[in-house]
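Novice: Letter 410 of the sequence shown, counting from 1, is numbered 409 in numbering that gives the first Met the number 0, and no numbers are missing.
Honestly, I wouldn't trust all of these hints.
Straight-line distance between alpha carbons at most 30 angstroms, and here's what the computed BS3-like set of lysine-lysine pairs gives [stated by the list, open to error]: (1) LYS933 - LYS762; (2) LYS804 - LYS866; (3) LYS804 - LYS941; (4) LYS68 - LYS83; (5) LYS796 - LYS763; (6) LYS710 - LYS775; (7) LYS1248 - LYS1227; (8) LYS966 - LYS804; (9) LYS298 - LYS152; (10) LYS531 - LYS626; (11) LYS712 - LYS763; (12) LYS10 - LYS90; (13) LYS737 - LYS762; (14) LYS459 - LYS424.
Quick list of the computed label-pair ranges, beta carbon to beta carbon [unchecked claim]: (15) MET1074 - VAL1112: 16 to 22 angstroms; (16) SER524 - TYR885: 40 to 46 angstroms; (17) ASP643 - THR935: 55 to 61 angstroms; (18) SER500 - LEU619: 26 to 32 angstroms.
Keep in mind the hints are simulated off the structure, nothing from the lab. None of these values were measured; they are calculated from a predicted model. Ideal Cβ positions, reconstructed from N, Cα and C, are used throughout, including at glycine.
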Amino acid sequence: MLFEFDCELKKPPYENLSDLCTILVIAEERNSFPVQRVFAAINTALRKAGEDGNVVVLAVRALALILDKFSRKLSLPGEAGISKEVEECFKTVFSFVKDYPIRLQYTKTTENELKEELLTCLSMAGNCEAVAAVVPSTEEQLKFCFSALDGSKWTACKVLHHCTGLMRSGVVQNAGDHELLVQLLQLHLGFLSQLPIDYEWEELLRTVVEGIITYRAWCVSQLPLRRKRARASAAYDNAAKTAGNSFEEASLKNATEALLAIGERVFSSAVSPSIIELTIACVASVAEASSPYSEANEKAIGWVTRLLQQTAAPSAEYSSPFDDDSPSVATGDRLWADASQSLPNLQWVVPPLTWSALVLLSKLCGAVFGIRGDHMWAFRSVDGEYFPYRSDDREQLTAMFFAAGKNKNGLEERHRFDLRSMTDKRSFSSSPRRMHFQPVPSAFLFDGKLSVPPASIHIKSETSALIQAALLPFTLGHSKTAFLARAIRLYVICGRAPTTSEDVVVVFRSLSSEQKPHVVEEISSALLQRDKGWAPVLLEAGVADALTALPASTTAKQIAVNTSTTQNRLPVAELIRSAGSSPKAAPMQLPPLAELPAFLLHASPSELLAFIEALETSSLSMQELEKLCAELAMDSRVEFWMRDAAYNYMLRLLHNAGVGQRQKKDLRDVLFHNSYSVGICTPARGEKGRLFCPKGHLLCVHFSVNWSCNKCKKTSSFGSLACRECDYDICMGCINKKLSRVEVNVSANAGDILRYWRDCQTKKGSGEASLQMELKHSVLFTSKGVLPATVPASTLKEEEIHFAKIGTSCKCNITVPLLTANFMERAVLDSPLQVLLRAFGAPPQWGDVESAIVDVLESFGGDIFEKGILGIPARVAQLLEVASPYLSTSFKRDTAHFLAVGCCRFALFHLQGLGAVSRGSVSGEITSNGLPTKFTVSRETKVMTRVLFDAFLQYPSIRNKVEFNFKGEEGTGEGPTQELYTELAQRYRDMTNLWHERDDGTHEAFPTLRQVHAEEFFVLGASCARAFVDDYVINMDLLPLAWPFIRSGSVSLETKWATLAELEPTLVNTYTCMMRSTDAELEEMGLEDESGVVLTAATVKAYVERRVEEHLVHATLNFRWFALGISTVFDLRALWFVSDNDMSVVLSGVSREGVEGRLFGEEALRSAIVEAHGYSVGSREVAMMVSLVGGEFTREQQQFFLEFLTGSPRLPLNGLAGLGRKITVVRKELEGTSEQTLPSCNTCFLYFKLPPYTSRAIMKARLLTAITEGRKNFSLS
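Using the sequences and the hints, build the whole thing.
Specialist: If you want it as C-alpha cells, here you go:
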C-alpha cells in the first residue's frame, strides 16, 4: 500500500517525515489517503520536535503537499468539519505564523525554508474550506509576511505571491489591511529601482506587477469609504517604518511613475533584450492613459521614443499585403493554437518589444484605443504538466478576473472556475485542477479604431515632433504594427496646432483613403470643433472630396441607398470647403533660366517642391538642368535645400502612388472568378475551337443538367459542346485535352503549368525510361524563349506556348530557343528628379524612402500576385529605378525577393489560411503541408552536378523551400543546404576550365571564351536563384560586365566591345590598330578576311565586328545556360531596378568583403549572441568566447567559425545582423575531467553548444579544433 510508513516513529521524526514527504510527492490524487494515521504521525513528530527546526520544516511541507493533492479528503465522512487530529496539526503549524519569529535549531534545513513552506501552506489552507476555521487572520498573515522579509529577492517573491492570493480570496477588508498591502508593493517597487538586475530581479518584477494588477482588479473597488486607522502592534509599527512613510490613501496611483522609472533604468542598462522586453511589457500593462503634461510622462516619452528608434529595423521590412481587417495582434501566429502542447516551465510569454513600447507610448499620450490583451491561462493535469486553455476559455477567464472586484456573481461556487483559489472545478478527479494565470498579456490586440485627443489636451510641438520621428519607421506598410503606429501618429498630430506641412497633409490623405467615410467624418468633425484652423489642412488633403465622392462604378441602386448617408456627410464636407477655402494655386510657371538661381535662393520649401513638380512638364532640357544644378551646388545652403526638397518630392510621389491602393483585393474572389485557357502546342489558328462529333457534325455549345460526357462519363454545371442530332456531349475537360489546352487559375504560374502538363504527358506515355527522362527535361517556351517559372498565368493567355526538351523541337516542329523569354530591355531613364538626385545627392534619412517603397509595393500586392511585375504601375517602377542608387544593398535584396517570390508566397499562405476554392485544372500550390522539397546529393562534383541539373529541371515549387542532404550523412535541413551552396560555389570557382583566363594566367569571374559548359552554368544559375529565394547565401560574385549578357537577349556591339576590351586588352588594341590602318598598311600586314580576301580600310571594321562576335559566342552560350537555370526558379525581371554592379551581391546575398582585417569585432559578435540553457547574460564562458572569436581569431579563423556555425564562410549582407536570427549559446557539459569535449552546433538554428572550459587557452584550442575539423561534416549531436 502506498501509505505504509512508520506511524509509531520507530525512526527519528525527521526521517519519518522525510519518507512521508517522498510518498506524498509521488502519490496521485486518486490514491486512498489514511487521514487519521498521517496526521497522527505528524502530530507525534511535532510534539517530539521541541526546538528542532528540521522537523518543523518537513511537517509544514507535508501539510502543503496534502492540501495540494488531498484537500477534499480532510473533512470527516458525512460532515463539514475536520477531525481533532487534523485540527490540532494545523493549529500547531499555524502557531509558528502567529508567534513568528521563533527560535529553532536548524542543521539540515534553514529558516528560509520554514518561511517558504509556511507561506505555501497558508496559501493552500486559505483555499481549503475544511481548514478555513483554523487559518490565521488576515492581520496575522500580513504581520507574518512583513516579519518574513529578510532582504532577499526570493523571499520577497514568496511573500508577494501569498499576498496576491489574499487579495483574490476576498479577506482584505479593513483599511489597515489595504494600507499594508500597498506599503508592501511600494516597498518592492523601490527595491526594483535599486537591486542588481539578474534572473531573481526578473522574478521579483513579475511578482510585483502581478500584485499591482491583482490589487487593482480585486481590491480597489472594495476600499472602505471611511478609512479607520487600525491600531497596530509594535511589530506592525516596525513593519510600517521598514516599509516607509504611511500613506493617506490605500491606492497605487504612483505605481505607474515608479514602473516608468524602472523601465528607464532597464533601458539605460546593459541588460539582455529579453529583460527589456519583459520590463516594457510589465510597464505597458500597469500604466493607464493619462495626460502627457506630467513631468513623469514627458520624461518617459523621451526614453520610450529613443527605445523605439533603437528597435526600428535598420531597413524597412516587407510583410504580407493580404492580412484581413481583423483586430491586429502582437504576434504573427495564434497563441497556443495547439491545446495539447504542454507548458513545462510556465515561463511568461510577452508581446514583442515594439508592440509593448507602442502601447505604452499611446497611454503616455493619453490616447484611449481599443487595445486589449490576450492572457495566458493554463491548467495542471494529473501528471503535473500545464496545458493552455482554448481561446474562448481564456477570454472568459480574463473577463472574470478583471471584473472580480465589481461582479461577485461570477465567483460563486456553482461556477466551473474558482478564481479565488485558482482552481478549475470541471475536473472529474477527486481534486480540482490548479490554474496558472499570467497577468501581463502575452499579446496585444488592436481593434483598429482611431481616436482624437479631447479639447483639453494639447501636445507640445517638441513632444509631437519627437513622437512622430520615432513612429515614422513603423507607420508605413501593412503590418499589424503599422496600424497601431499610424493611429498613435494621427492622435499626436490632432493634439497639436493645425499646420499644412507635408507630413501632416500626408497623414490625412492616408486617412481618407484607408478609412471608411463615417470614420473620416467623425475625426474631421471633432477637429473642426476643436479648431477651425484644421479646415485648410483637411481641404488640401482631399478629405472634403473623399466625403462626398461616390465611385464611378456605383450602381443606381447603391446611389439610392446611400443618398441619405451622403447628405448627412455634406455639412462636414461643406464646412471644410467654406472654412478652408482659398484660391486654388495654379501650377507653377518656371521663371526664365537666368532668373532661376536667384528664385531658388529665396524660395520657401513649398515653392521648391512646386519647382521640382513643374520640371516634370517643363521644356527645360536635361543638359540645361544639369548646368543649373552645377551652378546651384556651389552654394552649400541651396544644395542642402534642393537635396531636402528632392527627398520630400520623392516621398510625396511614392505616397500618392500607394494611397489609392489601400483597399486590398479580396483574393478569394479573384481566385474563384479568374481562370484562363492556355494552349500548349495547339492546332493551327484556323482549326482552333472547331470540334466534330464522330459522324462529322460540328459541335455547338449546349447548357443542360441532364447530360454526361461521352468521353469521361462526367457531368458539369458549366455545360458542354454537343451534337443534339447524335446525342453526343463532350465536357470542358475533354475539350481541353482534345485541343491541347489547360484551364489555368489566376494563382498559377508557368512552373505550375509545366508540372501539370508533364504529369498529363506521363500518364499518356508508354512508360519507357527514355521518354520519362525526356519529359522531365522538357520546358514550356514561346517564340521569345523559355518561360521563367514564376511568370503568372494571366500573362500567358494570349501566348502561343510549346512544350519540348531543350535542344529539340516540339510536335509543332518548333525548336526550343536557347533563350529566356521576357528579357528585360532596360530603357535609358533620365528624369528631372534623377538629375537632381545625381547633382545634390540623397539625404542621410533615405531610410524613410525605403519604408515608403515598402508601403507602395505592398499596396499593389494583389496586382503583383496576379500579373507579376507588370502589376506595378509604370510611375512606381520609374521611381524605384530612380531611387535604386541610394538604397541600401540589403533593402534592394529584400525588395527583389518580395517581387520575385515573396509576394506570391504571402498570397498562397493567405489563401490557404482562408480555405479558398480555386477554379481551373491548374492552380498555384495553395494547399501545402509546408514541408520543403528534398533532394539527396553526392559530394563528388560530377555526380553532384548531374543530380542538381535533374533536380532544378523539375521546376520545384517556389511555395516551399528546397533542402539538400548529402548521401551517407545524417544531417538534414538548413545546415546541409547552406553547406551545399557553399561547397558548390567553391568547387566551381576552383574549376579553372569554366572561367576566362587572362594573359597573366589569372582567372576572372567570367565564363570561358573557349567552350560551352552547359550543365555547369545551368546548375550555377539555378543554385544562385534558389539560394536567393530560399534565403541562403552562395559565394558567386560574377563580374558586373557579365550581367548584360544574362539579363538581355541581344547585347549591343558597344557592350561586347567594352567586355572584350576588359577581358582581352591586347587583342582589342590590335583590332583598334587595324581599324585605324590605311589600305597600304593593311596590305603590308597581309591581313585577309574569312574568305581569303585582303582587308581594306572599307572592310576591316565589319571584319573586326564579326571577330568580336565570334570571340564571345561561347561565353554568350554559357550565359544563356546560366539564365535558363535562373528561369527554373523565378523571373529575372523582378531585379530590373538593380544595377549590374549590385546584381551579384543582391543575388548571392553575401557582402563584398575586403581582403584584410577581421570580418567582425567583439562588439558585433556580442550583439548577435543570446545566452540560454545554462548560460545567462554576463556568463564568464560566453564572454571569453566572444573575446577570443571577435578579438583574437584571424580573418581565416573567423571564416572557419562562420562556416562551422552557418555552413557558409561569408558574411551575409548587414554582417552578423543579417544572419536572420540570434546565435544562441548554450552550455554543453564536459565529458570527464580532462576538458577534451569539443564545442558543437546546430547550423539550422544557429545553436552553439559551448562547454564551460576553465581557461582561455583551453577554450581557444578546442574552438580551433572544432571549427577546422568539423566544418564539412553533418552528424547529429
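Novice: Need the list of violated hint numbers for this structure, in ascending order.
Specialist: Of the numbered hints given earlier, those the structure breaks are 10 and 14, listed in rising order.
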